[in-house]
Amino acid sequence: MTAYLVKRLLFAIPVLIATALLVFLALQLSPGDPVDVLVSPIAPESVRQRVRTELGLDKPLAVQFFIYMGNLARGNLGTSILNKRPVIELLKEKLPITAELGLAAFLLQYIIAVPLGAIAAINRNSIADWFSMILAMIGVSMPDFWLGLILILVFAVTLKWLPPTGYGGIDKLILPALALGLPRVGRIARITRSSMLEVIGQDYVRTARAKGLPKHIVMFRHIMRNSLIPIISLMGLDLGYIIGGSVVIENVFARAGIGNMMLQSIYSRDFPVLQGCMFVLAFAIILGNIFADLLYALVDPRIRH
Amino acid sequence: MAETKTDSTENGIKTLELPERGKKTSLWRRLRRSPGAMIGLVLIILLLLTAVLANRIAPQGIDDQDLRSALQPPGSAFVLGTDEFGRDMLSRIIYGSRISLEVGIITTAVAALMGITLGVLAGYYGGWIDYIVQGLVDVSWAFPTVLMAIFLIAVLGPGLVNLMFAVGLVYWGAFARVVRGQVLTLREWEFVTAAHAIGARDLRIILRHIIPNLLSPVIVMATLLMGDAILIESTLSFLGMGAQPPTPSWGSILASGRAYLRLAPWVTTFPGIAIMLTVLGFNLFGDGLRDALDPRLKDR
Chain H
1 MTAYLVKRLL FAIPVLIATA LLVFLALQLS PGDPVDVLVS PIAPESVRQR
51 VRTELGLDKP LAVQFFIYMG NLARGNLGTS ILNKRPVIEL LKEKLPITAE
101 LGLAAFLLQY IIAVPLGAIA AINRNSIADW FSMILAMIGV SMPDFWLGLI
151 LILVFAVTLK WLPPTGYGGI DKLILPALAL GLPRVGRIAR ITRSSMLEVI
201 GQDYVRTARA KGLPKHIVMF RHIMRNSLIP IISLMGLDLG YIIGGSVVIE
251 NVFARAGIGN MMLQSIYSRD FPVLQGCMFV LAFAIILGNI FADLLYALVD
301 PRIRH
Chain C
1001 MAETKTDSTE NGIKTLELPE RGKKTSLWRR LRRSPGAMIG LVLIILLLLT
1051 AVLANRIAPQ GIDDQDLRSA LQPPGSAFVL GTDEFGRDML SRIIYGSRIS
1101 LEVGIITTAV AALMGITLGV LAGYYGGWID YIVQGLVDVS WAFPTVLMAI
1151 FLIAVLGPGL VNLMFAVGLV YWGAFARVVR GQVLTLREWE FVTAAHAIGA
1201 RDLRIILRHI IPNLLSPVIV MATLLMGDAI LIESTLSFLG MGAQPPTPSW
1251 GSILASGRAY LRLAPWVTTF PGIAIMLTVL GFNLFGDGLR DALDPRLKDR
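Taken in order, these protein sequences are the chains called H and C. Position 176 (the first sequence) corresponds to 176 in our numbering; numbering is contiguous. Position 28 (the second sequence) corresponds to 1028 in our numbering; numbering is contiguous.
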């Protein structure tokens, strides 16, 4: 188990380096000069040159990259061009806001989806089965930001039950978590359903029933436990979806998290901040996948080496 | 979204061993039996008709402003109301269908062209080409699609053309993965060996024997991707990274409606419904097509 964990963690390092390199290179290809953010376009060339030297932009690309990577290894993600604050500090400030939303959406999804999928699997062609199917179809077809706006319209503007935007307190978390989580509920329920159906058809379930085990024991010990395995690996994938979606949802609900900061950094061409955001999000996705794999190995002894 | 879809088409849509004519009729018969596929087809046809006939059916032009009738609620004069410039919402949504369709088609074409080319090369030749292509696919899948598209727009700059290219770049891996898997099995078939034996060159084998046999999984992927591409375009346009005003992209209409959510909720409501119905159409039809082409995959 420990060896497995070490292997997975070591494998994450080249992926992270590749990510850093790609993000760095892609931004170099980008048209537009970060100096323009700070200096008026009519400023004399000497001023522009000085700013460029200050930011280290006059050095060769390879040197810039090694400086960047060296700093990265020491946890230094650079300084925001716009407000001169260290990127790492900005990220630390915003991370809880995004993590809170992501976690809430994640929990909400599975708390609704897994029981729904289970009910649909046990009662095939029932109302729950059809409902989960329709929900899955609508969920993948609906723009999440639009769902967010409609939730604001209904629950904040019309009914005035919840605040429309902002951060802090559970009341401000409910709507964005719904907007981020709901679209995937149907899809997760469908996967739970087909996974359970597969397990229900297995010989060991028939054996368990045949030897007269009570229904609930067969359900939880034999069916549930085995059908949750594919759902755990789905969770890893799902994390990526939540992180991508949070960028948009934070914008809709004006939550000052990492996603919103990333969008602002794009609008203002504040590349160190953008690099930092991409890097942190990639890191979160990689860690999440490792965690899902570990959980997988924990639940299913067959894949433990 | 696309990731999970890919997985289910990936594990082998085998070409049906039926004569060409019989294949078509049985496909249509199976499609017709699926209510989802038929609803999807109707929605797609409606979208096509709206886009083609936009200038005939729209009561007003794309950008006909009349400030005196700004933010009018839906009623007899304006069926879906007006926006903050007094433009007829119905007309803007009708013209918006052209943008969605254009983005869907071009993005899918970019992704399919890149994905099929690299997927065929990787599957057919194997070796280092295969390693590089697979590595690139893994990297492009490492990030969630929306995030990747946003990042590419940050690099390329905003605008519809860049957006189509960026989203195409995000999705090529989906095609490459499916195509590579198919080619790996096709390569071992007797008709390919036979073509080699009679001295056909690689290019001819790829074009005459491999590509035609890839069509069914590629068509399914392309249909599903149309929906995803339209969804992502609306998201990026909503964030101000795609279509710029006054272009009536559904996403950018939504973005401008945000400020008037309290005063004029119809500006945000109707474009969202249009996006949802369009994407739903492609998803339903794509799923139906997949089940019809390979009934074994049904219920996954």
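Calculated from the structure, these hints are not laboratory results. Computed from a prediction, not measured in an experiment: that's the story for all the values here. Positions of the beta carbon are idealized from the N, C-alpha and C atoms, including for glycine. Check the hints yourself; a few may be wrong.
Chain C residues, not near chain H, derived (Cβ > 12 Å throughout) [said to hold, decoys possible]:
id, residue
1, ARG1033
2, ILE1106
3, PRO1246
4, LEU1261
Which residues of chain H face chain C? A few of them, derived with a C-beta cut under 7 Å, are [as the list claims (entries may be wrong)]:
id, residue
5, SER30
6, PRO31
7, PRO96
8, ALA99
9, VAL140
10, SER141
11, MET142
12, PHE145
13, TRP146
14, LEU149
15, VAL154
16, VAL157
17, MET235
18, GLY236
19, TYR241
20, VAL248
Okay, the calculated beta carbon distance ranges per label pair [said to hold, decoys possible]:
id, chain 1, residue 1, chain 2, residue 2, range
21, C, GLY1075, H, ILE134, 41 to 47 Å
22, C, PRO1246, H, THR158, 41 to 47 Å
23, C, GLY1127, H, PRO214, 54 to 60 Å
24, H, SER46, C, LEU1136, 23 to 29 Å
Quick rundown of the hints versus the structure:
no.: 1; hint: ARG1033; in the structure: holds (17 Å)
no.: 2; hint: ILE1106; in the structure: holds (20 Å)
no.: 3; hint: PRO1246; in the structure: holds (20 Å)
no.: 4; hint: LEU1261; in the structure: violated (6 Å)
no.: 5; hint: SER30; in the structure: holds (5 Å)
no.: 6; hint: PRO31; in the structure: holds (6 Å)
no.: 7; hint: PRO96; in the structure: violated (20 Å)
no.: 8; hint: ALA99; in the structure: violated (16 Å)
no.: 9; hint: VAL140; in the structure: holds (6 Å)
no.: 10; hint: SER141; in the structure: holds (4 Å)
no.: 11; hint: MET142; in the structure: holds (5 Å)
no.: 12; hint: PHE145; in the structure: holds (5 Å)
no.: 13; hint: TRP146; in the structure: holds (4 Å)
no.: 14; hint: LEU149; in the structure: holds (5 Å)
no.: 15; hint: VAL154; in the structure: violated (9 Å)
no.: 16; hint: VAL157; in the structure: holds (5 Å)
no.: 17; hint: MET235; in the structure: violated (13 Å)
no.: 18; hint: GLY236; in the structure: violated (11 Å)
no.: 19; hint: TYR241; in the structure: holds (6 Å)
no.: 20; hint: VAL248; in the structure: holds (6 Å)
no.: 21; hint: C/GLY1075 to H/ILE134: 41 to 47 Å; in the structure: violated (31 Å)
no.: 22; hint: C/PRO1246 to H/THR158: 41 to 47 Å; in the structure: violated (29 Å)
no.: 23; hint: C/GLY1127 to H/PRO214: 54 to 60 Å; in the structure: holds (57 Å)
no.: 24; hint: H/SER46 to C/LEU1136: 23 to 29 Å; in the structure: violated (43 Å)
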